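Visitor: Chain order of the listed sequences is H and B.
All residue numbers for the first sequence refer to my numbering, where the first residue is 1 and numbers rise by one.
All residue numbers for the second sequence refer to my numbering, where the first residue is 1 and numbers rise by one.
A hint or two may mislead.
With a Cα cut of at most 20 Å, we get these calculated SDA-like pairs of lysine to any residue [claimed, not checked]:
1) B:Lys74 to H:Ile190
2) B:Lys74 to B:Ala64
3) B:Lys164 to H:Thr173
Hints listed in this document are in silico derivations from the structure and should not be mistaken for laboratory results.
Predicted model, so just to flag it, every value in this text is computed and none were measured.
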Amino acid sequence: MNFELVFRHWDLFLGGIWVTLHLTALALFFGFLIALPASLSLARRSRFSPLVRGYVYVFRGTPLLVQTYLVYYGLAQFEFVRESWAWFFLREAWWCAVIVFSLNAGAYGAAILRGAIKTTPKGEIDGAKSLGLSERQVTWLVLMPSALRRALPQFGNEVVFMLHGTVVASIITIQDILGVGRTVNAKYYIAYEGLLSAAALYMVITFTLVWVFRRVEKRYLRHLDMDAGKARKVPGKVTGKIAAGPMMR
Amino acid sequence: MALLSLVLSTALGALGAAAKLSGSIVPRAITHAYTTLVRGVPELVLILLIYFGGQRVINQIGQALDLDYIEISKFWAGVIAIGFIYGAYLTETFRGAYLAVPRGQGEAAKALGLTPLATLWTVLLLQIMRFALPGYGNVWLVQVKSTALVSVIGLADVVGLADKAGKSTREPFLFFVAVILVYLVITWVSGLALRYAEVRANRGQEA
Numbered sequence: 001m002n003f004e005l006v007f008r009h010w011d012l013f014l015g016g017i018w019v020t021l022h023l024t025a026l027a028l029f030f031g032f033l034i035a036l037p038a039s040l041s042l043a044r045r046s047r048f049s050p051l052v053r054g055y056v057y058v059f060r061g062t063p064l065l066v067q068t069y070l071v072y073y074g075l076a077q078f079e080f081v082r083e084s085w086a087w088f089f090l091r092e093a094w095w096c097a098v099i100v101f102s103l104n105a106g107a108y109g110a111a112i113l114r115g116a117i118k119t120t121p122k123g124e125i126d127g128a129k130s131l132g133l134s135e136r137q138v139t140w141l142v143l144m145p146s147a148l149r150r151a152l153p154q155f156g157n158e159v160v161f162m163l164h165g166t167v168v169a170s171i172i173t174i175q176d177i178l179g180v181g182r183t184v185n186a187k188y189y190i191a192y193e194g195l196l197s198a199a200a201l202y203m204v205i206t207f208t209l210v211w212v213f214r215r216v217e218k219r220y221l222r223h224l225d226m227d228a229g230k231a232r233k234v235p236g237k238v239t240g241k242i243a244a245g246p247m248m249r
Numbered sequence: 001m002a003l004l005s006l007v008l009s010t011a012l013g014a015l016g017a018a019a020k021l022s023g024s025i026v027p028r029a030i031t032h033a034y035t036t037l038v039r040g041v042p043e044l045v046l047i048l049l050i051y052f053g054g055q056r057v058i059n060q061i062g063q064a065l066d067l068d069y070i071e072i073s074k075f076w077a078g079v080i081a082i083g084f085i086y087g088a089y090l091t092e093t094f095r096g097a098y099l100a101v102p103r104g105q106g107e108a109a110k111a112l113g114l115t116p117l118a119t120l121w122t123v124l125l126l127q128i129m130r131f132a133l134p135g136y137g138n139v140w141l142v143q144v145k146s147t148a149l150v151s152v153i154g155l156a157d158v159v160g161l162a163d164k165a166g167k168s169t170r171e172p173f174l175f176f177v178a179v180i181l182v183y184l185v186i187t188w189v190s191g192l193a194l195r196y197a198e199v200r201a202n203r204g205q206e207a
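Produce the complete structure using the sequences and hints provided.
Guide: Below, the structure written as structure tokens:
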């Protein structure tokens with residue numbers, strides 16, 4: 001083992017960290033923008049909901065790697081894609097990754113948020129209506145804030161999952177943390193050091209995120225009394241809670 | 001491949017859960033480190049580590065023992081890596097399921113004079129299975145999708161083959177769409193099977 005080589009290239013790894021975090025943040029941001037309307041459409045069975053359901057099903061039912069390949073390698077085969085304005089983005093591995101990861105995050109986010117909307121207590125909505133709020137006000141001032149809060153734990157998982165998903169970017173030539181680790185490995189013909197450093201970096205980032213989310217949850221879910229200290233046992237059917245540790249989906 | 005690694009991860013998961021629940025501190029610490037490590041690091045990084053790193057370790061052992069050069073096949077490296085990773089998730093699933101079985105069940109069995117092994121086998125195991133089913137199905141679905149990653153170490157799974165075929169025919173789009181359909185069918189069928197299994201397992205529990 002010789003980690004000196006890794007330390008000598010700390011600037012590469014720093015760049016890798018930046019790329020990974022940047023990619024994760026962009027995907028989550030755009031994914032969130034997709035998830036908001038998509039989840040509402042799913043929960044309310046609007047006209048578009050079959051379409052949205054199809055989108056969510058395809059993106060959740062197939063590997064991220066294949067989705068990325070399809071866009072990065074697949075779309076380039078068509079002449080009209082290469083001639084259209086979209087080619088400006090699609091010929092860049094970076095934008096392909098951003099697009100695919102955003103769509104993927106959007107699909108998972110929509111599914112999460114749909115669940116949270118569905119489990120909103122009916123009284124909350126009725127109460128808001130009886131106060132004379134308009135339909136739109138009920139949705140954006142009462143329903144969504146409440147659903148978003150309750151979806152926080154799953155969003156935390158989603159963030160970690162997305163972070164781990166971004167390693168796929170290294171396969172389409174992007175120099176994220178794993179990409180750098182592999183470059184360093186290949187350059188000096190070593191087997192572990194680059195990968196081990198990458199693994200350690202991912203671990204640090206993951207547990208920082210988990211910690212941050214735990215703090216945020218404590219703050220915003222205080223009213224639900226989730227940290228009351230007494231573990232309530234739910235007889236009968238198992239809810240997702242029991243099986244779900246951090247980043248389980 | 002997915003099936004083989006599922007077998008491995010189930011075994012690891014059961015072992016891990018048993019260790020995590022056991023009273024003594026050493027197995028608990030080991031499994032804690034195991035699940036923490038796997039959850040903190042992306043799958044692909046672990047697969048690469050196990051494939052390239054594992055190869056090195058085996059060679060060094062081989063050299064020390066004066067054996068010929070041994071090459072681990074990519075297939076088995078993939079199976080072991082994925083089994084190893086999802087074993088950690090199943091550890092948590094099984095642990096949760098075990099804890100979900102009411103304590104009285106085990107105590108009653110003890111009161112009837114059953115040995116611990118008999119208690120586990122005849123009374124608890126079936127109930128654990130019932131509680132573990134939703135989580136187990138979840139892990140299976142994620143696991144199937146993660147097998148796509150083994151194409152990165154050069155294994156000719158559906159993704160690897162499609163990549164090759166797409167490159168030689170210059171029609172990658174077609175082949176990747178086909179791959180997507182394959183995965184959709186797998187998830188769809190597994191979804192159906194799981195729902196059936198859950199309904200069957202919960203027959204006795206009309207809520």
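Visitor: Could you tell me which of the hints above the structure violates, numbers in ascending order?
Guide: 2
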